[in-house]
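Spelled out, the chains give:
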Amino acid sequence: DAGVIQSPRHEVTEMGQEVTLRCKPISGHDYLFWYRQTMMRGLELLIYFNNNVPIDDSGMPEDRFSAKMPNASFSTLKIQPSEPRDSAVYFCASSHHLGNQPQHFGDGTRLSIL
Amino acid sequence: AQSVTQPDIHITVSEGASLELRCNYSYGATPYLFWYVQSPGQGLQLLLKYFSGDTLVQGIKGFEAEFKRSQSSFNLRKPSVHWSDAAEYFCAVGAEAGKSTFGDGTTLTVKP
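In the order they appear, the protein sequences are chains W and X.
Here our numbering is used: the first sequence runs in plain steps of one and ends on residue 114.
Here our numbering is used: the second sequence runs in plain steps of one and ends on residue 112.
Hints listed in this document are in silico derivations from the structure and should not be mistaken for laboratory results.
Just so it is clear, CB atoms sit at the ideal spot from N, CA and C, and this is done for glycine as well.
It is possible that some hints are incorrect.
[Said to hold, decoys possible] Which residues of chain X face chain W? A few of them, derived with a C-beta cut under 10 Å, are:
id	residue
1	Gln-38
2	Gln-42
3	Lys-61
[Stated by the list, open to error] DSS-like cross-link-like pairs, simulated, lysine-lysine; straight-line CA separation at most 27 Å:
id	chain 1	residue 1	chain 2	residue 2
4	X	Lys-61	X	Lys-49
5	W	Lys-78	W	Lys-68
6	X	Lys-99	W	Lys-78
7	X	Lys-111	W	Lys-68
8	X	Lys-99	X	Lys-68
9	X	Lys-61	X	Lys-111
10	W	Lys-68	W	Lys-24
11	X	Lys-49	W	Lys-24
12	X	Lys-49	X	Lys-99
13	W	Lys-78	W	Lys-24
14	X	Lys-49	X	Lys-68
15	W	Lys-24	X	Lys-99
[As the list claims (entries may be wrong)] Far from chain W by the CB rule (all over 12 Å, computed), these chain X residues:
id	residue
16	Ala-17
17	Glu-64
18	Ser-70
19	Asn-75
20	Ala-86
Chain W with its partners taken away, still in its complex shape (with noise of 0.2 Å):
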């Protein structure tokens, strides 16, 4: 059974540029998440969907960050201008439902901004 799938596992851009990090979920299930983990403020909560639909988006930092989720085996997480302060790891995770049940998480994208 397939985990959780992001891509690109690492990447390196310059200040300003478009940045796009994918996810392709567990199949089957219905909630994902997108976090950012950074050792100043630990593990964030980014945004969340549901069946495709984005319920919470409450952690997204600034109107530069936007998240979609097409369809249920596919979501990225776009950053547009980048910044040198967005420099984290980016983890996707997926789960059958929300609170009660665990979430499964990605390998993460570590992202540098320079």
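Place chain X on chain W using the hints.
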């Protein structure tokens, strides 16, 4: 609102020694509780979960956790730590219709 506190930011134990990582939660009803482990360069992996029933829960890699309602705690234990257990550990609490809340994590260092 639910919340999770992991009082210990960093713990160091010797290989072969016992381990206990603390987790305290705040939630009005019976919570769903989880422990996850994160090894360097990887995502979080579920160690164990508590939903109801027996308050002592067994997980993978020889870990167990005990739910104590009176203390609002869900501490993680392992009788004998291996060097490969060095990682960051996260406690999380979930609700039936609400998203999970994660603690800030505890980093475990294992001394040879």
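- Which of the listed hints are broken here? 3, 7
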